[in-house]
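From first to last, the protein sequence lines stand for chains S and W.
31 is the number that this note's numbering gives to position 31 of the first sequence; each next residue is one higher, with no gaps.
15 is the number that this note's numbering gives to position 15 of the second sequence; each next residue is one higher, with no gaps.
Calculated directly from the structure, the hints in this document are not laboratory data.
Cβ coordinates follow ideal geometry from the N, Cα and C atoms, glycine included.
Hints should not be assumed to be uniformly reliable.
Stated by the list, open to error - Reference excerpt, derived from the structure (chain S facing chain W, CB under 10 Å, subset only):
| no. | residue |
| --- | --- |
| 1 | Asp7 |
| 2 | Glu13 |
| 3 | Gly61 |
| 4 | Thr149 |
| 5 | Val152 |
| 6 | Phe161 |
| 7 | Arg164 |
| 8 | Cys170 |
One-letter residues, chain by chain:
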Amino acid sequence: MKRNWYDYLWAAELLYWALGLCNILFAWLGMFFFFIPLLMAVIGGNKVYCNRYCGRGQLLGLLGRRLSRNVPPPRFLRSYWFRGGFLAFFMVMFGLMLRSTWMVFSGAPLRQTVTLLWTFKLPWQWAEVGMVSPWIAQFAFGFFGVMMTSTVLGLFTMVLFRPRSWCVYCPMGTMTQGICRLRQKKEDVACGGKSKEDCRAAQNTGQ
Amino acid sequence: MATSTRLARVGRECVACGSCLRVCPKGAIRIVSGVTAQIDGNICIGCGKCTRICPADVITIVQRGAVE
Chain S
1 MKRNWYDYLW
11 AAELLYWALG
21 LCNILFAWLG
31 MFFFFIPLLM
41 AVIGGNKVYC
51 NRYCGRGQLL
61 GLLGRRLSRN
71 VPPPRFLRSY
81 WFRGGFLAFF
91 MVMFGLMLRS
101 TWMVFSGAPL
111 RQTVTLLWTF
121 KLPWQWAEVG
131 MVSPWIAQFA
141 FGFFGVMMTS
151 TVLGLFTMVL
161 FRPRSWCVYC
171 PMGTMTQGIC
181 RLRQKKEDVA
191 CGGKSKEDCR
201 AAQNTGQ
Chain W
1 MATSTRLARV
11 GRECVACGSC
21 LRVCPKGAIR
31 IVSGVTAQID
41 GNICIGCGKC
51 TRICPADVIT
61 IVQRGAVE
């Protein structure tokens with residue numbers, strides 16, 4: 001099968017980790033992994049990011065070829081409630097991370113730790129962050145923790161179940177699919193009973 | 001037109017991750033509007049590669065007559 005440039009985006013995921021471990025401030029680059037899929041879903045109404053460009057998904061797929069037990073995951077993992085609940089939980093944790101960034105911005109001392117799995121505080125005192133404002137560094141520590149936590153969970157379920165089991169409950173995937181569903185519902189309402197092609201044609205001709 | 005007696009069918013809980021797109025030897029799968037995978041029954045040969053890769057385990061192989 002012919003390979004395209006985007007089939008190698010797993011390397012970008014590895015590069016992200018290498019850069020982040022060298023300097024925590026590179027954690028900010030992870031914002032691309034957040035905003036690109038959201039923009040694609042909002043503007044394009046698709047999950048092309050998950051389907052084609054997700055470096056983490058590709059990496060899990062590659063590692064899973066050798067490391068995964070490759071057994072079906074439990075049914076609850078794909079249930080609406082689990083996926084929605086995990087997204088909500090993740091967003092709360094993300095909000096708490098933003099709150100601690102705000103507190104540092106307001107004068108609280110910088111905490112040089114990376115929190116793994118929302119529990120374990122890994123000391124990160126060796127990071128050189130003196131060249132930026134403390135809140136910028138605090139966000140980097142928090143965000144790197146978020147990225148590390150999701151990667152550890154992804155690796156864990158990759159080994160236990162199928163290579164890309166993380167994709168089933170990935171908060172970004174749940175969110176972008178939700179956006180696409182909403183867009184589709186809106187289109188369905190706007191189009192009535194017409195097919196998508198007929199509807200677009202009608203919209204283009206102003207009918 | 002596929003001559004196989006079997007074909008793949010996608011369940012309602014598809015997460016539209018696209019894992020199946022990569023393994024389908026016939027390119028019979030597409031993701032519709034970012035919501036679900038859809039299999040073209042005319043192209044699908046029912047090989048089952050997509051069922052084995054699907055992380056949500058929502059793709060099954062059925063007899064053609066059962067869905068047509």
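Structure-based check of each hint:
1. Asp7: holds, 9 Å
2. Glu13: Violated. Min distance 16 Å.
3. Gly61: Holds, about 7 Å.
4. Thr149: violated, 19 Å
5. Val152: Interface hint status for S/Val152: violated (17 Å vs cutoff 10 Å).
6. Phe161: Given a least distance of 7 Å, the restraint on S/Phe161 holds.
7. Arg164: Constraint on S/Arg164 satisfied, holds at 4 Å.
8. Cys170: holds, 8 Å
Of the numbered hints stated above, those contradicted by the structure are hints 2, 4 and 5, listed in ascending order.
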